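*Asks:* Sequence:
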Amino acid sequence: MTGPSQHTGKHPFVRKIESIALFTLTEDERAALHALPMQVSQFEPYQDIVREGDRPARCFALLEGIACTYKTTQGGKRQVMAYHVAGDIPDIQSLHLKVLDISIATINPCKVGFVQHDAVRALLRAFPRLGDALWRTTLIDAAMVREWMLNTGRRDAYARMAHLFCELITRFGVVGLAPDRSCEMPMIQPELADALGITPVHVNRTIRELKEAGLITLRSRRLIVHDWEGLKAAAEFDPAYLHLTDPDEI
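So our numbering is basically just the index in the sequence shown, starting at one, shifted up by 29.
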C-alpha cells in the first residue's frame, strides 16, 4: 500500500475498515491490510476506472481523490449513484459478481490501488474477521443507496444539497480528511446535478441559498461548513445509515 494519511498518521483504507468494523483490529490484521499487494495507478479527472459490462479479476481501493459510481440511459443521460472517498473499495462486489452493472469514474485526479481477487480471497481465508468487515462495507453501500433514493425522491433541492454535503463531510472525517469540517469539493455544478436529480441552474441557486443562510462556504473547490447543526437540520441528516462504529469521533 501507499503511505498513511498525512492528517492522521494512518492509512485511509485501514481507518475506513476500523470505522465500520464491529471489532477492534489486531496488529496482525492491520499488518495484513497494509501488506495487500497493490498495483497503484494514477488517473486523470473524468476517467473511467471500471466500466459497466467489465468482467474484472481485480478490485480497487481509492487511495486519493474522489470518484463516483454512475449509470447512463441509452440516450446518454447520467445518474450518479454514489461518491467515493479515500479508503473506499467501490467495486468489492466484483469478488462475487462476474459482470459489473455500474461504471466508476474519477472526479478529480485519483490514485487507485488495484488488488487481484485471488489476493483478497487469500486475505479473507487467513483473516476471516476481515471478511466480515468487507461484507459489512457492501451492506453499508446498499444502505447509502437507499438513503440517496430517499434524498432524490422525497427531499427538496435545498435539503438534498445539504444532505450530500453532510454525508461527504462525515465520510471524509472518518478517514481524517475533513479538518474543522471542511473538505475537498471538486464537483462542478453539472456533476452535482447528475447526483441530485436537478438542473445545473438549480444547483447554483441552491448553493447560493445555503451560503446566504450562513451554513456553508464553497470556494476554490473546497467546502467549509460554518453551522454543522444547522446544516444537519436543513438536511434531516442522521448518520445512522452510514453505520459508523463511532460517528461522534469525526
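Just so you know, the hints here were simulated from the structure itself, not pulled from any lab data.
Keep in mind that this is a model prediction, so the values were computed, not measured.
The reader is advised that the hints may include incorrect statements.
Unchecked claim - Computed spacing ranges between beta-carbons, pair by pair:
no.	residue 1	residue 2	range
1	128	246	38 to 48 Å
2	243	56	41 to 51 Å
3	80	53	20 to 30 Å
4	218	57	39 to 49 Å
5	168	69	26 to 36 Å
Said to hold, decoys possible - Below 30 Å or equal to it, Euclidean Cα-Cα: the simulated DSSO-like pairs (lysine-lysine) are:
no.	residue 1	residue 2
6	127	261
7	106	127
8	100	127
Think of the CB as a built atom: it goes at the ideal place given N, C-alpha and C, for glycine as much as any other residue.
*Asks:* For every hint, state whether the structure bears it out.
*Replies:* A quick look at each hint next to the structure:
no.	hint	verdict
1	128 to 246: 38 to 48 Å	holds, 43 Å
2	243 to 56: 41 to 51 Å	holds, 45 Å
3	80 to 53: 20 to 30 Å	violated, 37 Å
4	218 to 57: 39 to 49 Å	holds, 47 Å
5	168 to 69: 26 to 36 Å	holds, 28 Å
6	127 to 261	violated, 39 Å
7	106 to 127	holds, 25 Å
8	100 to 127	holds, 18 Å
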